[in-house]
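Novice: Protein chains in written order, with UniProt numbering: chain H, 1 to 555; chain G, 1 to 555.
Source of the hints: derived by calculation from the structure; they are not laboratory data.
In this text, all values refer to a predicted model and were calculated from it rather than measured experimentally.
Do not rely on the hints blindly, as some may be mistaken.
Put simply, identical chains are the same to the list, so a pair is met inside one copy or across any two.
Straight-line Cα separation of at most 30 Å, DSSO-like style, residue types lysine-lysine; simulated pairs [unchecked claim]:
| # | residue 1 | residue 2 |
| --- | --- | --- |
| 1 | 200 | 86 |
| 2 | 104 | 63 |
| 3 | 85 | 109 |
| 4 | 200 | 219 |
| 5 | 475 | 495 |
| 6 | 510 | 475 |
| 7 | 200 | 382 |
| 8 | 85 | 545 |
| 9 | 375 | 219 |
| 10 | 61 | 509 |
| 11 | 375 | 178 |
| 12 | 106 | 543 |
| 13 | 124 | 249 |
| 14 | 543 | 104 |
| 15 | 545 | 459 |
| 16 | 545 | 495 |
| 17 | 426 | 545 |
| 18 | 495 | 85 |
| 19 | 495 | 65 |
| 20 | 527 | 545 |
| 21 | 382 | 109 |
| 22 | 65 | 124 |
| 23 | 426 | 178 |
Residues per chain, in single letters:
Number of protein chains: 2
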Amino acid sequence: MSQDRLSIFALGGMNEIGKNMYAIECNNDIIVIDCGNKFPDESLLGIDLIIPDVSYLLDNKEKVKALIVTHGHEDHIGGIPFFLKKLNVPVYATRFTLGLIELKLKEHKLLDEIELVEINSDSKLDFNDIQASFFKVTHSIPDCLGIVFDTSEGRIVHTGDFKFDLTPANNEHSDIHKMAEIGKEGILLLISESTNAERKGATPSEQMVGAHVDEAFMKAERKVILSTFASNISRVQQVVDAARKTGRKLALLGRSMVNVVEVAMQRGYLQVPEGMIIDQNQINEMAPEKVAILCTGSQGEPMAALARLSTGNFRGVEILPGDTVIFAAGPIPGNERSVTSIVDNLFARGANVIYGSGSSSGMHVSGHGYQEDLKLMITLMKPKYLIPVHGEFRMLHHHRLLAESVGVTEGNTFIMNNGDVVDIEKGIAHQTRKIPVGNTYVDGLGVGDVGDLILRDRKQLSEDGMLVMVLTMSKSERKLVSGPDVISRGFVYTKDSEELQREVNRLIKKTVNDLMEENKYQWNVMKQTLRKTVGQYLFAHTKRKPMILPIIIEI
Amino acid sequence: MSQDRLSIFALGGMNEIGKNMYAIECNNDIIVIDCGNKFPDESLLGIDLIIPDVSYLLDNKEKVKALIVTHGHEDHIGGIPFFLKKLNVPVYATRFTLGLIELKLKEHKLLDEIELVEINSDSKLDFNDIQASFFKVTHSIPDCLGIVFDTSEGRIVHTGDFKFDLTPANNEHSDIHKMAEIGKEGILLLISESTNAERKGATPSEQMVGAHVDEAFMKAERKVILSTFASNISRVQQVVDAARKTGRKLALLGRSMVNVVEVAMQRGYLQVPEGMIIDQNQINEMAPEKVAILCTGSQGEPMAALARLSTGNFRGVEILPGDTVIFAAGPIPGNERSVTSIVDNLFARGANVIYGSGSSSGMHVSGHGYQEDLKLMITLMKPKYLIPVHGEFRMLHHHRLLAESVGVTEGNTFIMNNGDVVDIEKGIAHQTRKIPVGNTYVDGLGVGDVGDLILRDRKQLSEDGMLVMVLTMSKSERKLVSGPDVISRGFVYTKDSEELQREVNRLIKKTVNDLMEENKYQWNVMKQTLRKTVGQYLFAHTKRKPMILPIIIEI
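Let the sequences and hints guide you as you build the complete structure.
Specialist: What follows is the structure, given as C-alpha cells:
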C-alpha cells in the first residue's frame, strides 16, 4: 500500500462568516463537517442564499462516508438539504441538532430519503481510514460537539463553535476534563473557530443575561416583549424562568420561534411549566402585567414578528405605551440599521426599549470564545499545527498570533482560503494544492443557475434601469418599416422626458439610415452601433447608463 | 399690525442623520439654517444623493432672507448648490466653512452668482423681523457656530453640531462664557443636536487621539498610513505634529484630502512646517520610516485612496509588510462591512492595522456631545422649550428625557418630523400644522426626477431582472405575423433554460390566439393578459418575478 495521505480543506467558512463546510480526507475516506449557508450582502441582487460549491465532493462521491454536524445553527446546517439532494450520505448529529435538521428536510421533502444517525459525546464512529469521537462544547445552542479524528497520520481535533462558560445556563457545560485527556499527549492538528479572535478577555457567561432578564421582568409594569435567536434555548429557558418568577404567561410569535421551541420541549432541552405557554389570541384577554411575548426578529428582519409589531402590522397583538421591549441579541454586522429603525418605531409607540450593541445592554453575550477562550482551547489540545477557521481574514490572523503566544511554532498555523488544501504526510503538513470551490447562489427554485453575468445585468438594471428599442426592418427593402418603438423602465420618468424621447427616436432613425446608406445591414453591427450611440447620448444628457436593448424584427 | 407669529420647522434632519435644514420664520422673514445632503441607503437603487425638498421656501421666495451655515460638514452644506440654483439668497458662514462651500460652488459653476458673506462669532445680522448673533462651538471641523435669533417673541438658540471639549486640539474652544451670558435670563426655545443622546457620560477630548497618534508614529518602523475625515483639521494637525516629532514627510492622497487641507492651510487653520508635504511620487524615493501618508477612505468608500491602497490598486504607492495603517475615524453606521473588508485586505498585505469601532482603538473621538454635554448646553441656555434636532427618533426621545432631567418642563419638548411646524404666539408654543416636505433624489444630472415609480421598477429589475416579448401583429388580419421575440436579462441564464424559453414562447402564442378567437384584440387587454399568464408561469417554475414587458408592433 502506498504512503498514507491526510488532507484537510474547507468548502466554506474561510475568510467569511457563514456557510461552514470542512472536510478531512484520508486515503479512501472523506468525512464532511457541517454544511451551512450564508446570507447574501446587498451586492448579490435578488439572491436568497449562498451555499458551498460541493463539486469536489461530487467528483469523489465514493469516498464521502459521512456528514457530521457539530451544531444546529444555520451557518452549519442551512446548506444540508441542497447538499443531500446531490449526494445522499448519512448524517450524524446530536439529538437537538437532528431536530433542527429534520425541520429542514421536511420542508424540502427529503426526510424519508436520508439516513439520520443520532450521536452524543460518547459515540465512536469507525469509518475505514478515519475514526471519529466527540466532546461536548458550550455555545449558544444546545448539544454542541467538538470532533476528534484519529487517523494513521495522527489526531485531528475540530472544535466546532465554542466558548468556555463555567456557569452556563441550562447545564450546557464543556467537557473540559475530556478535552484535557484528548490533548494530553498533544495532537497533530487543531481546527478551531476564530469568530471572536479580535476580542480581548474571556466571553461573559450566559447567566449574566439571565440576571438582566430577571431584573427587566421584575421592573416591567406592563407587557414584556423579548426577541432573541430561537435556537438559543439557554436564553429561552432564562426567559421562561423570568416569566415564571414574575407570574407571567408566555406567548411565542414567529414561525421559527414556535418550531424550534417545540423541538426543544419535545426533546427535553427546555423545561416549561405546564400551562405557561398561551396562544397569541389569548394575549389581549390577560392583564398586561401577566403576559410576556418571546418573538423572532432580533436582527431587524423586515418580515419577522418584531418588525411587524413595531409598525403595528401584527394582527391581534399590539405594542402599547408602557410595554417593555427587549433585544436579547446583539445585531450581527450589517444588520445595525435595520435594528435601530425598529428601535425607533418601538420608542415612537411609547415602549420602553432595552437594546444596545454587543453586550452593552447586558441582554446578550456571545456564544463564541474571546481571546482567552481560544488560548485555553489551544493550551488544552497542544496541537503541532493549527488551522484557524470560521472567520474573516483579520480574525484568522489574530487567531494565529494568539496560537503563537501559547506555544504553537511560528509557521505552523495555516491561514487558508476555501479550497486550499493542507496535506499531511509523515507528520509534516504542507499547503500546496487547491481544489475547485466557489459560491453557489440560491435564487427562488434555482440552485447555482445565477452567476456573475446575471448579477452584472441586475446591477446595471438596478442603478439606471433599461431602455428597449424595437426596430421593424424590411431586409428586402433595407429600411425601417415601423418604429422605433422605445420603452424605458427604471431610467427616467417618461412624462417628464418627452424631449429626451424625441431626440432618442431621431438619433435611432438617423443611426439606422446612416448604416443602411453605408450598406452595413448586418443586424449585429446595427445593434452594437445603436447601443453605443444611444448610450453615449443618454449618458451625456443624464449621466446615467441604462441597459440598452435593441431588438430588430425582420419582416 | 397683526399679532406676531414665530414659526420653527425642519426641512431635513428630523428622524434621520443627514440633510440638515432648519428654518425660523417670523412675520416677513425666513432665515434658513444649513442645507445638507444625505447618502442613500441600499434601498434607493441608483440614487447618488438625497437633498431636502425646498418647495415651501420656493413658494415663499420673497420672505427668505438668508442661508446661515453653522459648519462645513456635508450633512450641513452638501445641498447648498442645488438649493441656490433654485433660490439665490446670500449665504452667511465663517471663513473656513465658506472655503468648503466655495469648493462646491466652483464645481457647480455657481461661484460668481452667489453672495457669500463671511461672518465670525462677533457678527450681528439684522434682518427685518429677526436678528442673528453667534457663539463658537467645538465640533470635529474648524470654525463652528451656534446661532442666537432674537425676535419680538423671544430668543431662540440653534446649537449647530457641538461637543464640549476643555482641551480641544488646535484651540477650537467653545464660548462657554458667552453661552452662559446668552442663557442667563433663560431663552424661549433651544434647538439642539441629538446625535449622541444615547451615549452616557461626556465626550472624550480630541487630544486623546493626538496622544495615540503620537505613540503609533513613534512605534512604527516603516511607513505610516493614516486615514481620517479630511475636514477634521484638528486631527489632521495632530497627524502633522506627530510626523514632525518623528521626522517624517507627509503625503496627501485622495482628492478631498488634498482640497480641504489646501483650504485649511490657505486660510490659516492648519500649521504645516515648510517642506513637510511631499508629492505622492516622492514616497518611494524616501526611506519608509521617514514617510507618513494621510488619506481619504476611512469609511470604506470603494473608490477612495485607502480602499485602492488595500487592494494594490493605487498607482505608484504600495502598502508593504511592516507598514502601519491607522483608521482614525469610527465607521458610520452602515459602513462597518466595507471598513472591515479593507482591514482584512490590509492584514493580508502584512500591514499592522490599528482599527476599532467607535473610540475603542483610541484613534477616534466623536465630535457630537454625549449626554453630559447635551445637559450642560440645556443648563447653560435655560430654555422654556426644546426642539431636539439632528437625530433618529430614539436620539430625539433620549434628548427629551435628558432635558427633563435638567429642568425642562414635561410637555415642553417637541419631537417633530420634517415639515412639522412649531408656532409660537404670545410666548406659547404649539405644534399643529405641517408644511409639505420630502426627499429630493439626485441621480446623475437629474434632481428630483427619480421618484417612487422609477425606484419600484429598479427594485423589481434588481431582484429578478426582466423579460421583453415583442409581438408583431397584423391588425387587419388579426394575427401574429412575426415573433414572439423574447429576450431576458438578469432573470435566467439563457443557455441553461432553453426548455423554459420554448414553453414561454408556446404560452405567448397560445394566449394571443385565445384572445383573438374571443375577439379580444385591444392591445392593452392583450398586454395585461400576457403579463399575467407569463408572470404566473414563470413564478411557478422559478419562484422569480421578473418584470414582464410585452411590446406589440402593429403592422
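Novice: Each hint should be assessed against the structure and marked as holding or not.
Specialist: Outcome of the hint check:
Within a single copy, residue 200 and residue 86 get their C-alpha atoms no closer than 42 Å, and across copies no closer than 54 Å, so neither meets the 30 Å cut-off. For the homomeric pair residue 104 and residue 63, the shortest alpha-carbon distance inside one copy (25 Å) is at most 30 Å, but the shortest distance between copies (65 Å) is not. In this homomeric assembly, residue 85 and residue 109 come within 30 Å of each other (Cα to Cα) only inside a single copy, at 10 Å, whereas the closest approach across copies is 62 Å. In this homomeric assembly, residue 200 and residue 219 come within 30 Å of each other (Cα to Cα) only across copies, at 21 Å, whereas the closest approach inside a single copy is 33 Å.
For the identical chains of this complex, residue 475 and residue 495 are inter-copy neighbours only, at 28 Å across copies versus 34 Å inside a copy, given an alpha-carbon limit of 30 Å. Taking the shortest alpha-carbon separations for residue 510 and residue 475, both the intra-copy value of 17 Å and the inter-copy value of 28 Å come in at or below 30 Å. For the homomeric pair residue 200 and residue 382, the shortest alpha-carbon distance inside one copy (21 Å) is at most 30 Å, but the shortest distance between copies (44 Å) is not. In the homo-oligomer, the alpha carbons of residue 85 and residue 545 lie at most 30 Å apart only across protomers (25 Å), although the nearest pairing inside one protomer, at 41 Å, exceeds that limit.
Taking the closest pair of Cα atoms, residue 375 and residue 219 come within 30 Å of each other only across two copies (26 Å); inside a single copy the shortest separation is 39 Å, beyond that limit. Taking the shortest Cα distances, residue 61 and residue 509 never come within 30 Å of each other, neither inside one copy (58 Å) nor across copies (44 Å). Within a single copy, residue 375 and residue 178 get their C-alpha atoms as close as 17 Å, which meets the 30 Å cut-off; across copies the closest is 56 Å, which misses it. Only between protomers do residue 106 and residue 543 lie at most 30 Å apart by alpha-carbon distance; the minimum there is 19 Å, versus 50 Å within a single protomer.
For the homomeric pair residue 124 and residue 249, neither the shortest alpha-carbon distance inside one copy (43 Å) nor that between copies (64 Å) is at most 30 Å. In the homo-oligomer, the alpha carbons of residue 543 and residue 104 lie at most 30 Å apart only across protomers (19 Å), although the nearest pairing inside one protomer, at 47 Å, exceeds that limit. For the homomeric pair residue 545 and residue 459, the shortest alpha-carbon distances inside one copy (11 Å) and between copies (16 Å) are both at most 30 Å. For the homomeric pair residue 545 and residue 495, the shortest alpha-carbon distances inside one copy (19 Å) and between copies (26 Å) are both at most 30 Å.
When the C-alpha separation of residue 426 and residue 545 is checked against a cutoff of 30 Å, the pair qualifies neither within a copy, at 59 Å, nor between copies, at 56 Å. Taking CA atoms no more than 30 Å apart as the test, residue 495 paired with residue 85 passes between copies only; the shortest distance there is 23 Å, against 50 Å inside one copy. In this assembly of identical chains, residue 495 and residue 65 lie within 30 Å of each other by CA distance neither inside one copy nor across copies; the values are 63 Å within and 35 Å between. Taking the shortest alpha-carbon separations for residue 527 and residue 545, both the intra-copy value of 17 Å and the inter-copy value of 27 Å come in at or below 30 Å.
In the homo-oligomer, the alpha carbons of residue 382 and residue 109 never lie at most 30 Å apart, since the shortest distance is 44 Å inside one protomer and 68 Å across protomers. Taking CA atoms no more than 30 Å apart as the test, residue 65 paired with residue 124 passes inside one copy only; the shortest distance there is 15 Å, against 83 Å between copies. Within a single copy, residue 426 and residue 178 get their C-alpha atoms as close as 27 Å, which meets the 30 Å cut-off; across copies the closest is 79 Å, which misses it.
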